[in-house]
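Asks: The chain contents come next:
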Amino acid sequence: MSDAETVMSGQETKIVIAGFGGQGVVVAGNIIARACVIEGRNVTGMISYGAEMRGGTANATVVISEGEIASPVVETPDMAIIMNQPSLDKFEPVIAGGGLLILNTSLVDRRPHRDDLRAVQIAASQIAHELGNVRVANIVALGAFIRKTKLLRPASVEQAIADLFASKKAALVELNIRALNEGMARLVEAS
Amino acid sequence: MKILLKGNEVMCEAAIQAGCRFFAGYPITPQNEVPEYMSHRMPAVGGAFVQAESEIAAINMLFGASAAGARCMTSSSSPGISLKQEGISYITAAELPCVIANMQRGGPGLGNIRASQADYWQAVKGGGHGDYRLIVLGPSTLPELYTLTMNAFDYADHYRNPVLILGDGILGQMAEPVELTPYAPVVDLPEKDFVLDGCAGRKPRVIKTLYLRPALELVHRNELLQAKYDKISSELSLFEEIETADAELIVAAYGITARIAKGAVRTARRNGLKVGMIRPITLWPFPEEPFMRAARTAEKFLVVEMSNGQFIEDVKLATACRRPVEFLGKGGGWYPTPEAIFEKISTMCEKSLAD
Amino acid sequence: MEFERPTTLLETRTHYCPGCGHGIVHRLVAEVIDELGIRERTIGTAPVGCAVLLYDYFNCDIIECAHGRPPAVATGLKRVLPDRIVFTYQGDGDLAAIGTSETIHTANRGENITAIFVNNAVYGMTGGQMAPTTLLGQSTTTSPDGRGLNHEGPPLKVCELLASLDGVTYLERVAVSTAKDTIKARKAIRKAFVNQIEGKGYSLVEVLSMCPTDWKLSPQQGVDFVNHQMKKVFPLGVYKDRS
Amino acid sequence: MADIKIDKDRCKGCCLCVAECPRGNIRMAELLNDAGQPYAEIVDTDNCTGCALCCQMCPDLAIAIGPKKPAPDKAPGSV
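Residue numbers (our numbering), protein chains in the order written: chain A, 96 to 286; chain B, 564 to 918; chain C, 2 to 244; chain D, 1261 to 1339.
Note that these hints are calculated values from the structure, not bench results. Please note that a few of the clues may not be correct.
[To be verified] Each computed BS3-like pair below joins lysine-lysine, with the alpha-carbon atoms no more than 27 Å apart:
no. : chain 1 : residue 1 : chain 2 : residue 2
1   : C       : 201       : C       : 233
2   : B       : 863       : B       : 837
3   : C       : 188       : D       : 1265
4   : A       : 263       : B       : 565
5   : C       : 181       : D       : 1268
6   : A       : 264       : B       : 565
7   : C       : 181       : C       : 241
8   : C       : 185       : C       : 158
9   : A       : 185       : B       : 893
10  : C       : 232       : D       : 1268
11  : B       : 791       : B       : 766
12  : B       : 914       : B       : 879
13  : B       : 879       : B       : 893
14  : C       : 217       : D       : 1268
15  : C       : 158       : C       : 217
16  : C       : 185       : D       : 1328
17  : B       : 794       : B       : 688
18  : D       : 1328      : C       : 188
All values reported here derive from a predicted model rather than from experimental measurement.
If we strip away everything but chain A, and leave its shape as in the complex, we get:
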């Protein structure tokens, strides 16, 4: 870590959510950002877009800060929600030292190579499947994320989910909130 990074860090929390298209990484990023708005915090969000989006991995990044956010572009995330193996390969090298990984062990088949990272395991896709819809794996992982980081209040995340799916069926909101709670309950600290 350069001197500059040392000087700059500490004010902003930079998060990446990465997986393959269809795993809901953009939705997960959106929920985190909306929860921040509910809590009155400064936040920016970005997603990979256009041709990039069709290239395999999709990712969303969120920056949260108590002060002004300088760049919405995240190069060295402090935290990563990793939904599949290619995303671990892509992001592990760029996570800030001491950073946190939330690993979807259903689709990530190795441990991180770096020993300066913390990791939490959650069988997000498996749990989502048990809940009846594999597409809520993102929310299961999100549950593990907020339980581990305590960055957001569960109530604000639940509110964000309710807001986001307001136009959809009530059952969908309920399923996502169950997924969130399962994720909070079933995370495993990596040894």
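Assemble the complex: chain A is given as a structure, and chains B, C and D must be docked to it using the hints.
Replies: Leaving out everything else, chains B, C and D in the frame of chain A:
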């Protein structure tokens, strides 16, 4: 209440709040959310949305819509803006108000879809043919994109001139909470006495840009336009200054780059470095006054831009080259990190101490 | 039979050459506007080409456009003011070369406008260069040996081309090379305006017209060229009518 | 007999009217108009039926035909 929207959507909502009732555009990344958003919002507010067959058609549809009296807008990204230059020249010559957004991407050519600021010259110096000027606004956050887009319609109507919102792929694609405040005009809005709506109860009107006879008619026409541009220059100058009073080093940047640079300037201050920043908000007219002032007190300048040295020329002009101006920038989709800018600032400050 | 200047045309003498068909087409359009009583709610678009000075002759609101762009400008006008009458007046270069894209898409969107297309098989204003509608073998300043099938390709047939578009309401090709043709042309132009008034969509009237100067012919020979050469390549008639 | 008039100063001398007149009742004048153009003139006003074919072909609106003079046995305004 703040809501979370993407930059492209923030801009659309601001336009609608400001009474924009005609939008024509053509999809191009990274501004696709604009036509998508407008396609459902425009009809909902009783306006018209047209997905044009080309950027050329889109800007010419604005030529017609503006002549018909509507507040109107088009948006695109760099290669598409190049195509619009013909229409922009005509609209400027005809003195019709409209708002054009450029969410810049990497160039030249098809380039890439990453953010860029390489259309600065095209925006502030020309692009189309003839001696004309666009009012160019460079928002650096989404709340500012919201207010400046509403203001853009006012400036366009007030000066009867197209206003260009010079954004970039990051600004268009990022999401940030924005308070959707109600629209209120920021300048006097003259009656539109040029509108073509049929000549009932009045003499027929002509909107034209051809001046063949007498021989000097176009010269006089140009003189009138230049007088208007002089008036705009004397009246419109928007900028943000950060800790410039005692600054030894002044960072100059606009748009998203300025937002990123601001983080670096704050860090520099926390580290005891006497660094300030000037962020032009109107890129044309260029706010020369804060630069002239800073050139008297600061020792040197640093320009940061996402292009290979375009904006720097205006900084050098505004400071009359009285102080050294260093450069941090690249084209083609490169963007600076706050860390990289801080490192450059540190190096420049150390060099000052060594001198 | 009375015959007087329509009020939609100003007294101004036109800049057109002796025997040029534009003057006739201007009159026909103006007469139709008069007859339908729509002068005070009509907005015309002027092209680039010989008819660029349209605004000096028509006694109604006019916007002069970039080359080929009148259909796009008309789209903007009409979408903002759907109860006004909007027409484009375009030559072959404007409508069928530089503005082909705007023409096709405006037609296919079924924009409720009226297009008057003056086809004289040559570029008049710039001095007699080849047009998209120049006939095979016809020599121009940029096809000095005559338009060739292999290099320049055959002439573009606008009515035939647009007839394949489902969005189009009415297409007719007429001429102004005889008095009888002129009377028919007026009827077609009238229908194209009535369609718009009735909200029926895109109508285009292609008018075969004379350009004796750039054809290097006398006015009488110009009329003969339309009657004996152009009509063979561009047959007159209704190409589409779903009004 | 029709009330036909040719405005010689609007005429550009293209002769399209001359060719169109079914009665051969239009010819080119020997003099030039104010614009230095040859212009068309009516041979015999009494010989004009008011068919207006000449007007149809005139690109310069130089020919006007006024209302037909009422026949002596009909009152003005009657059909």
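Asks: Run every hint past the structure and note whether it holds.
Replies: Structure-based check of all given hints:
A hinted pair counts as satisfied when its Cα atoms are at most 27 Å apart, and residue 201 of chain C with residue 233 of chain C does not qualify at roughly 31 Å. Of the supplied pair hints, the one linking residue 863 of chain B and residue 837 of chain B holds, its CA atoms being roughly 11 Å apart against a limit of 27 Å. Using a Cα cut-off of 27 Å, the hinted pair residue 188 of chain C and residue 1265 of chain D holds, with the two alpha carbons roughly 25 Å apart. Simply put, residue 263 of chain A and residue 565 of chain B have alpha-carbon atoms about 22 Å apart, close enough for the 27 Å limit, and the pair holds.
For the suggested pair residue 181 of chain C and residue 1268 of chain D, the alpha carbons sit about 24 Å apart, so the restraint of at most 27 Å is met. At roughly 25 Å between alpha-carbon atoms, residue 264 of chain A and residue 565 of chain B fall within 27 Å of each other, so this suggested pair holds. For the hint pairing residue 181 of chain C with residue 241 of chain C, the CA-to-CA distance comes to about 22 Å; that is within 27 Å, so the pair holds. Note on residue 185 of chain C and residue 158 of chain C: the hinted pairing holds, with a Cα-Cα distance of about 20 Å set against a maximum of 27 Å.
Taken as a hint, the residue 185 of chain A and residue 893 of chain B pair is honoured in the structure, with Cα atoms around 25 Å apart against an allowance of 27 Å. Proposed proximity of residue 232 of chain C and residue 1268 of chain D is contradicted: the alpha carbons are some 32 Å apart, above 27 Å. Distance hint between residue 791 of chain B and residue 766 of chain B is fulfilled; the C-alpha atoms sit about 26 Å from each other, no more than 27 Å. For a cut-off of 27 Å, the pair hint linking residue 914 of chain B to residue 879 of chain B stands: about 21 Å separates their Cα positions.
Between the alpha carbons of residue 879 of chain B and residue 893 of chain B the distance comes to roughly 18 Å, so the proposed pair stays at or under 27 Å and holds. A hinted pair counts as satisfied when its Cα atoms are at most 27 Å apart, and residue 217 of chain C with residue 1268 of chain D qualifies at roughly 25 Å. Proximity of residue 158 of chain C to residue 217 of chain C is assessed by CA-CA distance (about 23 Å); at most 27 Å being required, the pair is judged to hold. Under the criterion of a C-alpha separation no larger than 27 Å, the hint pairing residue 185 of chain C with residue 1328 of chain D is consistent with the structure, at around 24 Å.
At roughly 17 Å between alpha-carbon atoms, residue 794 of chain B and residue 688 of chain B fall within 27 Å of each other, so this suggested pair holds. For the suggested pair residue 1328 of chain D and residue 188 of chain C, the alpha carbons sit about 24 Å apart, so the restraint of at most 27 Å is met.
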